[in-house]
Amino acid sequence: MSDVYELAMSVDLRDELSEPELAELRWHLGIGPQPERLSVVTEFPIVVEDEAGEPVIEDEPRPLLAGNGAAWRIGGALGSALVDRTALPQKGWSLTSRQEIHPDDFDKVGELLCWLAERVHDTHRQVDDVVPIGYLRFHESLMPEVIEVANGRITWPA
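Quick note: the sequence shown uses the numbering used here, first residue 917, plus one each step.
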């Protein structure tokens, strides 16, 4: 049994991202190098064994939406893109990503999605300030469910 989910998102971001934020976002999408300093998702704790065999927590940063190529369980292709919209009336950035994620990664991916939700164009905001940030589908399901961010918190489908 596998706990793999398809995460799909396509949003437009406002034109107010700093160069360090763009660099980190590109890294998370797998389209840029890891920046020296992380400011969006800052901690990636993992438990490893030290020389004495004791568990210790280390920080091991990794991009969260960087899958690229053939999907392992959900079929189709994985990938992410970030496109500059400066030539369009609604300036900013267009972001699209399709990834396979495991529930163990929901917390970290959720941090990134909450950060993105704060920066989406108003066209993505609902009247009650809820941002439908993407879709999640269990690999054996036929229908995806909406992922929403409200009040800085993500709601993962049950």
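Any given hint could turn out to be false.
To be verified - Mimicking SDA-like on lysine to any residue, the simulated pairs with C-alpha atoms at most 20 Å apart in a straight line are:
hint, residue 1, residue 2
1, Lys1007, Gly995
2, Lys1024, Val1062
3, Lys1007, Glu1061
4, Lys1024, Ala1066
5, Lys1024, Asp931
6, Lys1007, Ser934
7, Lys1024, Asp919
8, Lys1024, Met925
9, Lys1007, Ala1066
10, Lys1024, Val1036
It should be emphasised that the hints constitute simulated quantities derived from the structure, not laboratory data.
Verification of the supplied hints:
{"no.": "1", "hint": "Lys1007 <-> Gly995", "in the structure": "violated (23 Å)"}
{"no.": "2", "hint": "Lys1024 <-> Val1062", "in the structure": "holds (18 Å)"}
{"no.": "3", "hint": "Lys1007 <-> Glu1061", "in the structure": "violated (29 Å)"}
{"no.": "4", "hint": "Lys1024 <-> Ala1066", "in the structure": "holds (17 Å)"}
{"no.": "5", "hint": "Lys1024 <-> Asp931", "in the structure": "violated (24 Å)"}
{"no.": "6", "hint": "Lys1007 <-> Ser934", "in the structure": "holds (14 Å)"}
{"no.": "7", "hint": "Lys1024 <-> Asp919", "in the structure": "holds (17 Å)"}
{"no.": "8", "hint": "Lys1024 <-> Met925", "in the structure": "holds (16 Å)"}
{"no.": "9", "hint": "Lys1007 <-> Ala1066", "in the structure": "violated (24 Å)"}
{"no.": "10", "hint": "Lys1024 <-> Val1036", "in the structure": "holds (19 Å)"}
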